[in-house]
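Novice: Chain by chain, the residues:
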Amino acid sequence: MSHANPVVRTAAIVAALCAPLAFGQGGTVDEIAKYRAALQDGNPAELWEARGEGLWKQPRGPKSATLEKCDLGRGPGVVKGAYAELPRYFADAGRVMDLETRLVWCMVTLQGYSEADATKGPFGGPDHKSDMEALVAYIASESRGVPMNVSLANPKEQEAYRLGEKMFYFRGGTHDFACATCHSDEGKRIRLQDLPNLASVEGARKAYTTWPAYRVSQGELRSFQWRLNDCFRQQRFPELVFTSDASIALTMFLARNANGAPFAAPAIKR
Amino acid sequence: MPDPMKIRANVAGDWTEVKVLMSHEMETGQRKDAAGKAIPAWFIQNVTVTHNGKTVLNAQWGPAVAKNPFLAFKFKGGAKGDKVVVTWQDNRGEKRTDETTIG
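Listed in order, the protein sequences are those of chains C and D.
Numbering of the first sequence is given in the numbering used here, commencing with residue -19 and proceeding in unit increments.
Numbering of the second sequence is given in the numbering used here, commencing with residue 419 and proceeding in unit increments.
Everything labelled a hint here was simulated from the structure, so no lab data went into it.
We put the beta carbon where it would ideally sit given N, CA and C, even for glycine.
Any given hint might turn out to be false.
Said to hold, decoys possible - Cross-link-like lysine-lysine pairs, in silico, DSSO-like; alpha carbons within 27 Å at most:
1) K450(D) to K14(C)
2) K455(D) to K37(C)
3) K109(C) to K485(D)
4) K450(D) to K109(C)
5) K136(C) to K146(C)
6) K424(D) to K60(C)
7) K49(C) to K109(C)
8) K437(D) to K100(C)
9) K437(D) to K60(C)
10) K513(D) to K492(D)
11) K109(C) to K455(D)
12) K513(D) to K14(C)
13) K249(C) to K485(D)
14) K437(D) to K109(C)
15) K437(D) to K249(C)
16) K513(D) to K37(C)
17) K100(C) to K450(D)
Unchecked claim - Here are some of the chain D residues that sit facing chain C, going by a computed Cβ distance under 7 Å:
18) K437
19) K485
20) N486
So that you can see chain D by itself, here it is in the shape it has in the complex (with noise of 0.2 Å):
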């Protein structure tokens, strides 16, 4: 099973700012191993952010992507309390969920 992420979420003014951090290899599918076989693409393909069951922000990335990804971002609203869960899916199918309160 992947690592969990950490994930912040402030409330500052009508904004609410989200901070992840993901644990993942996002390997780009061009490097090549020390035999020189090239290292199949892996990385996340789809981020997923809810607050109080509400999509918030969704997004599909690609393998440039750096390793161990940050996001950060802000949305409308969000009051202290709230719950915001974040999922991401990687091309092989794996996925990660995890979740906070807004503070």
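Isolated chain C, as found in the complex (with noise of 0.2 Å):
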């Protein structure tokens, strides 16, 4: 610092007395949207983007098999869009599927996990690094500017979404909360974070197009499905079982609201 050139420190301190009037109304949202945007170039989330790449091609399991023959809608192997159009309908399982739901069964009939070691720890935290979330990353990181497209053309695939939004308005709990109780009003915010109007087409869009991502004050890449579940954890409401047809219907509701949107994730928050 005892070399820093007297212009820029002049002007970092008048920076630093201007930046409380910044706070005032509506500032505060344009001053998140600047933090986002400088913090975008070398977000984290490219690190759990590399291993998540790194785990699809590696051989593991008791098969010691790759995850590249794994079928995500788009044909064996192919990774390219497959978030964008996710969840759809699979045959050969006979259900519809996430990205997750669908890992979970390839690493079973691929790699010879059973299905509890598969499951098991999805979200990383503290003392272990989630390589679901790593190939979440990798996978949601390939649809990168695909326009999300996902398809309603299966009964199964409506039966989903009609599912996912009774879900949505479902008020109960301790609370007596719903996703929309947060979600289905403009301008509604928690804490200095506004929440999203899912029920509007631009706020779906912009909501499902921005995970998963890297969660600055956790340190940690989050997916979608991290997020219902500490929105259900926020209602109080039971734990959200991953993979679940609850948990599925609900992602499909919201991802099928985002449809035409470009995917933009992984993304960064603060």
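Both chains come to you apart, so use the hints to assemble them.
Specialist: As structure tokens, this is what we get:
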């Protein structure tokens, strides 16, 4: 610091003095947007993408197989654009699956993992890194820029969508909350964070296409699945069971509502 | 073994801009775990960047640097195809070296 250019230092002080003024009504949102833009270059999500790509190509499990033959809906091994079309109906499994559920399916059928092992510890924390989140980061990154295109052609897909919609508006739990309580109005906030209006096309698009994201405050990459689970926790709902029909249905509802918008994740969030 | 870094290096006029993402916990030593025990400090202490074998950056870091650090800097010179090598070493003695060619 002793070599710091005095002009630069003065500029920094002026900026520091002006900063509180920027936090007036409406200014906060702009400031957060600026903060995200500043961090977008060098988004640590790239580290998860790289690790996920490694995991995708690495022989693992009892059968020592890679996931490169895994069919994510666009044919075995096709990763490009797959995330933008999920969840979808898979005839081989006879059910609608989101990405995580499909990955578990592939880990069981191709790599020989037990279902319990494949679904263990889906979210990373202080003591363990999540392979699932890394795989999701990699696969999602291969859909960057691809317009969301979730199909409702199959009756099972329609059923999942309707169930998801019902869940979105269903009030329950100790707080008598629904997803819609916080997410169906414009301009609602939780602390300083704007809550997206997921009932609007614009809101659903913006929200769905920016997950997974690197959460700076947690130092972790978080998937959309994690977002749903944490929303359930915040509502004091029972835990959303990983790869359950309920979880897939809710994902289906929100993913389909984002149709048409270019996928823009992994992103970065505060 | 630590996870690999992501390194980008691009020529812009007379300068080469290098951007590095490192995967590291960067534990400060100030935090406590659920049992109330202090989590020992664990952070990158030394970063060295060389361009065609010549050191262009040498940094000593402390625990105040964020988790999964991002480092961006410029050095004068450099041409497309040159090799840039980044090495970090943490206070446990763990090391990671990755390289890229200037694009």
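Novice: Against the structure, test the hints numbered earlier, and report the numbers of the ones violated in rising order.
Specialist: 1, 2, 8, 12
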